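Given only the sequences and the hints, what does the whole structure look like? Please build it.
From first to last, the protein sequence lines stand for chains A and B.
Counting along the first sequence from 1, when you hit position 76 you're at 76 in the numbering used here, and nothing is skipped either side.
Counting along the second sequence from 1, when you hit position 86 you're at 1086 in the numbering used here, and nothing is skipped either side.
Because the hints were derived from the structure by calculation, they are not lab data.
Everything numeric in this text was worked out from a predicted model, so none of it was measured.
Don't take each hint at face value.
Selected chain A positions facing chain B (Cβ under 7 angstroms, derived; list incomplete) [to be verified]:
hint	residue
1	Pro158
2	Val172
3	Ile228
4	Leu231
5	Val270
Just so you know, even glycine gets a beta-carbon here, dropped at the ideal spot from N, CA and C.
Below are the chains, spelled out letter by letter.
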Amino acid sequence: MTAFLLRRLLSAVAVLLIVAAVVYALFYLMPGDPASLACGKRCNAAELAQVRQTMGLDRPVYAQFWTFISSIFVGHGYDNGVGTVWCSAPCLGYSFQSDLPVTQLLTQALPVDVSLVSGAAVLWLSLGVGLGLFAALRPNGLRDKVTTFVGLTFGSIPIFILALLLLLIFCVWFQILPFPTFVPITQNAGQWFENMLLPWFAIALTFAGNYLRLTRAGVLESLGQDHIRTLRAYGYTERRVVTRHAVRGALPTLATMAALDIGGVLAGAVFTESMFGFPGLGKLMVDSASNIDLPVITGVTLLASFLIIVANTAADLLYAVLDPRVRIQ
Amino acid sequence: MSNATAPVDEAQPTLRARLWARPGGRIALIVVGLIILIAILAPVLTALEGQDPNTYHDGLLNSATGGGPNAPFGGISTAHWLGIEPTTGRDVFARLVYGARISLLVAGGATLGQLLIGLLVGLAAGLGNRWADALLSRFTDLVLSFPYLFLSIALLAIVPQSFPRPALLCIILAGLYWAPTARIVRAETFVLREREFVAAARLYGASTWRIARKEILPGLVAPVVTFTALMVPTNMVAEAGLSFLGLGVQPPTPSWGQMLSTATTWFQIDPEYVLVPALTLLVCVLAFTALGEEIRRAVDPKGLAR
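Written out as C-alpha cells, the structure is:
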C-alpha cells in the first residue's frame, strides 16, 4: 500500500511538472508577446522594455520556468511598477492585469466551486443511485425502460443548454426563482441556498444519468450471485435484497466515478459558472483567456490538473478499499 | 473464391442493414441524414427563404429594447422563418443552416484527427517492441491526465485570431483527445497479434507496417467504429461549448454555440432566440448519440465491448 501510494505520488508530481512545462512552453513559443499585451496598445518601445524587464521576460525561457517552479515553494517578489509585491509561498505567478498574485485569485474563486460541488454531488448521487435502484427492482419492465431512457437523455444534453433551459423555465417563464448570483454561505446561508439551486440542478441532472446506469448495471450483475440467492432463500423481500445488499456490488464503481466527477467540478465548472456568472475557477479561466492574462491561465490550468490528479488517485484508492477482490499488491 | 464468400455476406448483413432493422437505429439514421442534408443544401435552403446569413436588417429592430426584434416571437415572419437576431437583425434560419456546416465540419474533422492519431499511436504501441510500447503507453497515460477543457481554452486564447478557427478547433480537439482511442487500439492489437494469421503473415516475411494494415486493421474496425461514433456528438458539443464561451468560432461565421452565447444576454427580452439554436443543437447531439448507441448494439449485440 505504501509503495503504491509513493508511486502514485511520484507520477502525480511528474504529470504536474510536465503539464506546467507544456503550458509554459506553449505560451512563450506562441506568437503574441505577453509584455505588449500587459502594456496595452499605446505603449512605446522604452515602456515595453521596462514591462518586459519587470515581468522577467528578458531572461531565457528555462530561467523563467525555474523561477516559476521555485516560487511555488519559496515565494517570489514581483515589481508591479509602483513597488515590489511579495508573493508568498505557494506562489503561482503574478497577474499584471489585475495587480494581484495568482494564488489570491485562485483562493477567491475556489469557494464557489466548493459550494457548487457540495450540493450538486449530493443531488446527483441521490438522484442517480435512487433511480438506478428503482430501475433495477424490475429489470426490463416499463419503469426500468422509462427511467433509464429519461436518465440517459438528460445525460446527453450539453450542460450549457440544460442550464439555459432551466434559466428560461424557472427565471423567465414561471419566475419561481431569482436569476442566480453567487452569495457566499458566510454572508447569507438562505440566499446562498436559493441561488445555488439552479446551478446544482444543472450539474446534477447531466451527471445523474451515468450513476443511474452504473447503479443499475452493478445491481443486476450482483443479483446473479450466490449470496443474493441465499438472502432470497431466507425470505428477504426483493426490495431489501436490492437496496441493502445487491447495491454493494455497484459501490466501488460508483465511488470511483464520484471521486472523478467531484474532482472535475471542483477544478472548475466552466460552462455552469459562465452561464450563471458565478466567479469560480471556470469563469476565472474563461475571463483570463479572453483577456490573455497568461499567469492566471497557467495558474488555473495547473490547479485544475492538480485537482484532477488528486481525484484520480482518490478514485483508485477508494476502489481498492471498497472492493476486497482488487486489493493493491 | 467469389462463390465461397457470397453466402457469408448474406449471413452477415451490412452495418447499415442491421441499423435499419432496428426502429431506434432507423430514426437515428434518418435524423442524422437530414442534418447532413440540411448542411449540404444550406445555400439552396436560404435561397428558398430568400435570405442570407450575413445581411443586417436594422429596420426590423426596436431600439427601445436595445435592438430586440420589432415583431413578436423573435420576429418570425414569412420572410424570416425563424426570426431575426437581436442587435444585428441577421436572419436566424440562414445562420442556423450555415451553422450546421461548421458544427458538422468541426465534429467530423476532430473525430477523424482523433481516429488517425489514436490508430497510429495504438498500433505502434501494440506492434512495436517493449520500449516503444512502454514509451507510447506512458505518453498516452500522460495525455489522459491532462485537463482537456482548460488546455483547449488556453490554446484558443493564445493562438492569434488570424488562424482559421474551425481548423484550429479540429486540431485542438484531435490533439487533446486521441488517447482513449489509442488505448482501445493498443488493447485490441495485443489480442489480434497473437492470432495464427498474424504469425503466418510474419513467417511469410510481411513487414510490420503491412501486418498493421492488412492483418490487424480489419480486426480493429468493429471496436474502433463503435467508440468513434460516440466521439462525433462529444466533439460537436465541445465545438458548441467553446464557441459559446466566445473562444471558438468567431462572428461573422455562423455557429450554434456562438448563437447561444449571444442569446444568453437576450433571453429575457427575446426567449425565442435562445430556443432555436438550443433545441437544434440538442436534437443533433441526441440524434448522433442515439446513432452511436445503435451502432454499438448492432456491432456488438451482447454488449461485450462497452
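Item to check | Indices of hints not satisfied (ascending) | outcome: 3, 4
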